[in-house]
Structure formats: C-alpha cells, structure tokens
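Just so you know, the sequences run in chain order E and P. For the first sequence, position 232 matches number 232 in the working numbering, and the numbering has no gaps at all. For the second sequence, position 126 matches number 1126 in the working numbering, and the numbering has no gaps at all.
It should be emphasised that the hints constitute simulated quantities derived from the structure, not laboratory data. Any given hint could be a false lead.
What the hints assert, rightly or not - Derived pair list, reagent style DSSO-like, types lysine-lysine, alpha-carbon separation capped at 27 Å: (1) P:K1053 / E:K181; (2) P:K1108 / E:K41; (3) E:K147 / P:K1097.
As the list claims (entries may be wrong) - In silico contact screen, one side only, chain P against chain E (beta carbon under 7 Å); selected entries: (4) I1010; (5) D1039; (6) I1041; (7) I1043; (8) I1044; (9) S1079.
Just so you know, even glycine gets a beta-carbon here, dropped at the ideal spot from N, CA and C.
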Amino acid sequence: MASLDDLKKRISSVKSTQKITKAMKMVAASKLRRAQESAEKGRPYSEKMNNIILNLSNNVSDKENSPKLLVGSGEDKIHLCIVMTSDRGLCGGFNTNIIKKAKSYFQKILNEGKTLKIITVGSKGYDQLKRTYKDNIIEKISFKESKYINFFDADKVGKIIIGRFEKKEFDVCTIFYNQFKNVITQIPQEQQIIPLKTSKSDKNSSEDNYDFEPEEDEILSNLLPKNISTQIFKAMLENSASEQGSRMSAMDNATRNAGEMVDKLTIQYNRSRQAAITKELIEIISGAESL
Amino acid sequence: MSEGFKLEIINPEKSFLLKDSVLEVVVPAFEGDMGILKDHISIISFLKPGLVKVFTSNSNEETYYVEDGIIEFKNNCLSILTSNIFDTKKIDKNILKDSLTKAEQDSKDPEISDQKKYLIDQKIDVLKSLTLN
Chain E
1 MASLDDLKKR
11 ISSVKSTQKI
21 TKAMKMVAAS
31 KLRRAQESAE
41 KGRPYSEKMN
51 NIILNLSNNV
61 SDKENSPKLL
71 VGSGEDKIHL
81 CIVMTSDRGL
91 CGGFNTNIIK
101 KAKSYFQKIL
111 NEGKTLKIIT
121 VGSKGYDQLK
131 RTYKDNIIEK
141 ISFKESKYIN
151 FFDADKVGKI
161 IIGRFEKKEF
171 DVCTIFYNQF
181 KNVITQIPQE
191 QQIIPLKTSK
201 SDKNSSEDNY
211 DFEPEEDEIL
221 SNLLPKNIST
231 QIFKAMLENS
241 ASEQGSRMSA
251 MDNATRNAGE
261 MVDKLTIQYN
271 RSRQAAITKE
281 LIEIISGAES
291 L
Chain P
1001 MSEGFKLEII
1011 NPEKSFLLKD
1021 SVLEVVVPAF
1031 EGDMGILKDH
1041 ISIISFLKPG
1051 LVKVFTSNSN
1061 EETYYVEDGI
1071 IEFKNNCLSI
1081 LTSNIFDTKK
1091 IDKNILKDSL
1101 TKAEQDSKDP
1111 EISDQKKYLI
1121 DQKIDVLKSL
1131 TLN
C-alpha cells in the first residue's frame, strides 16, 4: 500500500490536473460559441452556391463540353482525399473519428486497385496518418498561425486543389470533415467535390428557366473553382465548431473523472491514516498488557 | 402588393445585408451594369469589380463596392454572393489604395488571359474613382 505521503502527492497532482481541464473546458466553451455562430452564418452562402450550381448544371445542354470540374476527367483511377483535422489535440474523439472514416475509405479505394493521394489539412491528421500512409501523402497544410478561420485560407486550399486537378494529378476529389450537429454530436462526413455530385434530386429545379448572362458554360467555369473554395471553407467552419464542441465535452468528462478520482484517493488516504493510528494504539495497548 | 423585392447579400462569413423590400438594385454584371427591378426574369450572372447600388426608396441610395460575385434573381428575390464587399461610406481608403497598387501590378503581368485583364482593368477604374472621392 502506498504511503500517506505518496497519497497526498497524488491527490494534489490530480487536483491540479482538474484545474487545467476545467480551464480548458471554459476556454473551449467560449470559443465554441463564436465558432458555432460563424458556422451557422456561413451556411447560407454555401447552400446558395450549391443551389445555383445545381440549377446551372441542370440547364447545361451540352454535357460533354461542360467544364471538367463538373463532370470529372472521365476517368476514375486516382483519388485525392482531403482530410481536414484540427491543429491541436485534447479534443476527445474528434480527430480519431475523421481518421477512422477516412481510413475505411482509403481501404476501399486501395482494394479496388486505384491510386490514392492524400492532402492533410491540420497537423493532427498528418500525425495520425503518416504511419500507415506516408507514401500517399502528397501535401500537408496547416493554418496554425491564423487565429480565426477566414475565407482567404480556404481559398488557398481550393487553389492548390484546382491547380493539381488542371495538371491531371487526380480524377476524383473527396473531403473529410466533421459536421457540427450539437455539442455532443459531431458527424464525420465525406463529400465528393470533384466531379461535383448533384446529390439532391432535381425535383423543383427543372421547371426554373433562367436567363444567363454570359453563357451557362462561362458562368460555370467561373463558378466551379469558387464553389470548391466555398465547400472547403464550409468544411473548415464546421470543423472548428466541432473541434471546440468535442473538446468541451471531453474536458467536461475529464474534470468529472478527476473529481471522482480525488474522492476515491481521499477516502483511501483517510483509511490508511486511520489504520496507522489504530496500529499504533494496538501496539501501545498490547505493550501495556504484557507488563 | 408592395412594389419592392427582397435582397440578400451574402459573403462567406455571414449574411452581409438583408432587406425585405428594395425598389431597384444596379449590379456590375460581367457584360455591363444591370438594373434589376421587381418581376425581372429569373437570371443568373456573375459580377465584375464595381459598385452595387441599392435603392430602398426613391431618394435613398446605398452603394457597395464588390470585387467579384454571382447573382441569382428568382421569384422576386435577389441573392448576391460575393467574397469581398465593402460599404463605400465606411471603407478604409488605405485598403483601397493597397488593392489598387496590387491590381496595377497584376495588370502588368504579360501572361494573363484577356478575361482576367478585362476584370483587372475594371477593378483599377473603379478603385481609382473611389480613391479620388
């Protein structure tokens, strides 16, 4: 059994850990509010953008000559995956969930005999993937310096992707990120951005007759690169809200666990102190009896 | 029935401006300025750098500077999506000057496409007129 001194030391160390986790929880909670707000404010833009593109692509008559970003390169050999994670740890299952989702997708791609390329955004994703998929990672991007998520950063990632697509380095591009549902639930998502998947059924869009100025193709070829940046930006916003939410609940759990541990250790400490006193008493009594 | 239509200006970070009833909006469309009134035909177009003018009533006019964007008009609802927009009254002159010098540098690049050249020239024109005021 640990001595009284050791127990005392452990109690105080757990207590100071608890203080840290509590502080981290508070910080995450205040950051969460801001992140959640900007994620919600950012949604209309990407939704509108998606809608417009959907309408446009339904109106494009000449599918074969439409921009490559929309219909793809016609092949399905090289897959590029953008794995978006956080730059900091201690946020529960946040990064692990994305990685798990991404890894199962990677496995599927590799089993089908296709080539896999990975770009990681955020350093934690790189740390976790480099062991298994070192050769597949072609680029790692991290925005540790920027304090807030801004469109400029997302645009940078978008331009990298488009640049690589134009050099014919890949055929299909998928991004992985966590969608923020609420503080407790974040859903890992995979979203294909090149070629664009028009996932929604075109129920109501076929009836709309739009005027276009200039021609559809020209608008599309201008809009699609922007859409990619927008989708990335949306993913980044959702991710940051998810990260803070996940960290908050993880830290909340940690604080509670630390509290339980302190209770347990205190009981153990009191018991062993009592045991020591009893032992001393017995020694004195039995010593007195033997006289 | 009111005479106006709904206007939304959205940038990636937030809804920049939301008005339930405006009389007319003039947008710098790619092929020239375009005024949009109520019951305009559904249209999708994209913007070149320029000024968006919003008329909320006959006497009231607001102007915004946009660098790029796309507009959609449908069912009397005009949506303007743009990544860069400033209120001309509140805009910082220094920002304008910075982007003007940058645009002037860009326009000297001999390898840009005609379309880009056109857009940059437009931008320079608008920025110059704004910085003069």
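Here is what the structure says about each hint:
The straight-line distance between the Cα atoms of K1053 of chain P and K181 of chain E is roughly 38 Å, outside the 27 Å bound, and the hint therefore fails. Between K1108 of chain P and K41 of chain E the alpha-carbon distance is near 38 Å, which puts this suggested pair outside the 27 Å criterion. Taken as a hint, the K147 of chain E and K1097 of chain P pair is honoured in the structure, with Cα atoms around 26 Å apart against an allowance of 27 Å. For I1010 of chain P, the suggested interface contact is upheld, since its CB lies about 5 Å from the closest CB of chain E, less than 7 Å.
Interface hint status for D1039 of chain P: violated, as the beta-carbon distance to the closest one in chain E is roughly 13 Å, over 7 Å. Hint on I1041 of chain P holds. Least Cβ distance to chain E is approximately 5 Å, under the 7 Å limit. Among the interface hints, the one on I1043 of chain P holds; its C-beta lies about 4 Å from the nearest C-beta in chain E, closer than the 7 Å criterion. Among the interface hints, the one on I1044 of chain P holds; its C-beta lies about 5 Å from the nearest C-beta in chain E, closer than the 7 Å criterion.
At its closest, the beta carbon of S1079 of chain P sits 6 Å from a beta carbon of chain E; the interface hint therefore holds under the 7 Å criterion.
Checked against the numbered hints given earlier, this structure breaks hints 1, 2, 5; the rest are met.
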